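Enquirer: Residue-level listing of the chains:
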Amino acid sequence: MKYIDHHAHMVSRTTDDYQQMSLSGCVAVTEPAFWAGWDRSHADGFEDYFRQLTDFEPKRAAQYHIQHYAWMAMNPKEADDRVLSKEVLKRIPNFLDRPTVLGIGEIGLNRVTRNEIETYTEHIELALAHKQLILIHTPHLEDKLKGTKISVDVLRSFPTLEPARVLVDHAEEHTLQMILDHGYWAGLTLYPQTKVSAQRAADIIERFGPDRICIAGACDWGPSDSMAVPRFIMELRRRKHPEALIHRLVFENPVEFLSQSARFRIRPERQETPTLAR
Amino acid sequence: MNATSSRSPLSPRELVDEYFIENRTKLLEIAAFLDRLDRADPSYAARDFRMKAFAEALAGLSQSSGRVDYIQQLLSDPREVPLDALDRKSALGAYDRWSGEARR
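So the protein sequences, as listed, match chains D and L.
Mapping of the first sequence onto this note's numbering: residues 79 to 356, in sequence order.
Mapping of the second sequence onto this note's numbering: residues 107 to 210, in sequence order.
In isolation and in its complexed conformation, chain D is listed as follows (with noise of 0.2 Å):
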């Protein structure tokens, strides 16, 4: 089944993983602005990264018929640095016209400090500059609810913000709700230990529907997994879902949401209406 991964740091990854991903149906991966594992001492190494995330990985993604893109920022785990995140957020218009950048992400909290949610701020305001789709990080753990909480707080408090260009990305149980309801799209990001497994997401889109939700595996360098999605598809599989719900869920939605940046290419292949089981 073609799939697309909105989440999936690829520059973490090997060759062979873009491989195994083409062997498994995936036609497009939406790469967001990551952390390195440590902290970068100077804007000159972001700049670095755009280039990386800009000019390199989409070659060596098309080696294997996948389409790349890229969303710019810096990361919240570094974004309580507020000196280097103004010169970083200075220099990220100079990427946001690149072919295969599609918006301002990942964006967001990490442990939910006044200097992260200053940088977060400006960040949505350098989106709303630039008419630039948002991706958004909510925290993890014991710090994902409140996080999200007050990244919602943050996006409603920007009233020409609209809702259905910015997706809230590693929703859980928890946080779900509060995401769909002001409108915003959510995202599933499948994890071995610290976000949600295949199993649970599956649970969520029985309990939620498949509205407005996308699915991804959100694989970097750390424990994570770039068959995330895959292993997602067969667990729906398992329970005997429909295919057209599955393909809604890891293609059509995707394609929906990101579709409205104008420099994404892959265009929907609708199947017939899903419906889940009462």
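Rather than coming from a laboratory, the hints here were simulated on the basis of the structure.
These numbers come from a predicted model, not from an experiment.
Using N, Cα and C, we set each Cβ at its ideal position, and we do this for glycine too.
Certain hints may be false.
Claimed, not checked - What follows is a set of in silico ranges between Cβ atoms, one per label pair, in the way DEER data are often shown:
#1 L/SER117 x D/VAL105: 31 to 37 Å
#2 D/ARG309 x L/LEU198: 25 to 31 Å
#3 L/SER205 x D/ARG278: 48 to 54 Å
#4 L/ARG130 x D/SER102: 16 to 22 Å
#5 D/HIS143 x L/GLU162: 48 to 54 Å
#6 L/ARG153 x D/PRO346: 52 to 58 Å
#7 D/GLY123 x L/ASP190: 26 to 32 Å
To be verified - Far from chain D, some chain L residues (derived; all Cβ distances over 12 Å):
#8 ILE136
#9 ALA137
#10 ALA138
#11 ASP141
#12 ASP144
#13 ASP147
#14 PRO148
#15 TYR150
#16 ALA161
#17 ALA165
#18 LEU167
#19 ASP183
#20 LEU189
What the hints assert, rightly or not - Here are the simulated BS3-like cross-link-like pairs (lysine-lysine), alpha carbons at most 27 Å apart as the crow flies:
#21 L/LYS195 x D/LYS227
#22 D/LYS164 x D/LYS227
#23 D/LYS318 x L/LYS132
Following the hints, position chain L against chain D.
Expert: Relative to the frame of chain D, chain L by itself:
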């Protein structure tokens, strides 16, 4: 939008047939972890906020419904104000509702 009451297309019997063994495995992993900790120091779990929250979460499994939502809330930081300054990079997995008691 409210959560729907949708369910898996599998029957209850099929769900148990499909998922019992893997969840039996997870149950034994938790039991083995707790025994391992006891062998190291039987009094430690009572002093570590993560293990206190873990024990409360285990008790929550005996609820008749809403177990995941209950445990997610139980492990979450309930405060709604940001931190004034960054204290560390990573979350720990549970909120320390017993702060003041040292993690030893």
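Enquirer: For each hint, tell me whether it holds in the structure or not.
Expert: Going down the list of hints, with the structure as the test:
no.: 1; hint: L/SER117 x D/VAL105: 31 to 37 Å; in the structure: holds (35 Å)
no.: 2; hint: D/ARG309 x L/LEU198: 25 to 31 Å; in the structure: holds (27 Å)
no.: 3; hint: L/SER205 x D/ARG278: 48 to 54 Å; in the structure: violated (29 Å)
no.: 4; hint: L/ARG130 x D/SER102: 16 to 22 Å; in the structure: violated (29 Å)
no.: 5; hint: D/HIS143 x L/GLU162: 48 to 54 Å; in the structure: holds (49 Å)
no.: 6; hint: L/ARG153 x D/PRO346: 52 to 58 Å; in the structure: holds (56 Å)
no.: 7; hint: D/GLY123 x L/ASP190: 26 to 32 Å; in the structure: holds (28 Å)
no.: 8; hint: ILE136; in the structure: holds (14 Å)
no.: 9; hint: ALA137; in the structure: holds (19 Å)
no.: 10; hint: ALA138; in the structure: holds (17 Å)
no.: 11; hint: ASP141; in the structure: holds (21 Å)
no.: 12; hint: ASP144; in the structure: holds (23 Å)
no.: 13; hint: ASP147; in the structure: holds (24 Å)
no.: 14; hint: PRO148; in the structure: holds (26 Å)
no.: 15; hint: TYR150; in the structure: holds (20 Å)
no.: 16; hint: ALA161; in the structure: holds (16 Å)
no.: 17; hint: ALA165; in the structure: holds (18 Å)
no.: 18; hint: LEU167; in the structure: holds (15 Å)
no.: 19; hint: ASP183; in the structure: violated (5 Å)
no.: 20; hint: LEU189; in the structure: violated (5 Å)
no.: 21; hint: L/LYS195 x D/LYS227; in the structure: holds (20 Å)
no.: 22; hint: D/LYS164 x D/LYS227; in the structure: holds (24 Å)
no.: 23; hint: D/LYS318 x L/LYS132; in the structure: holds (24 Å)
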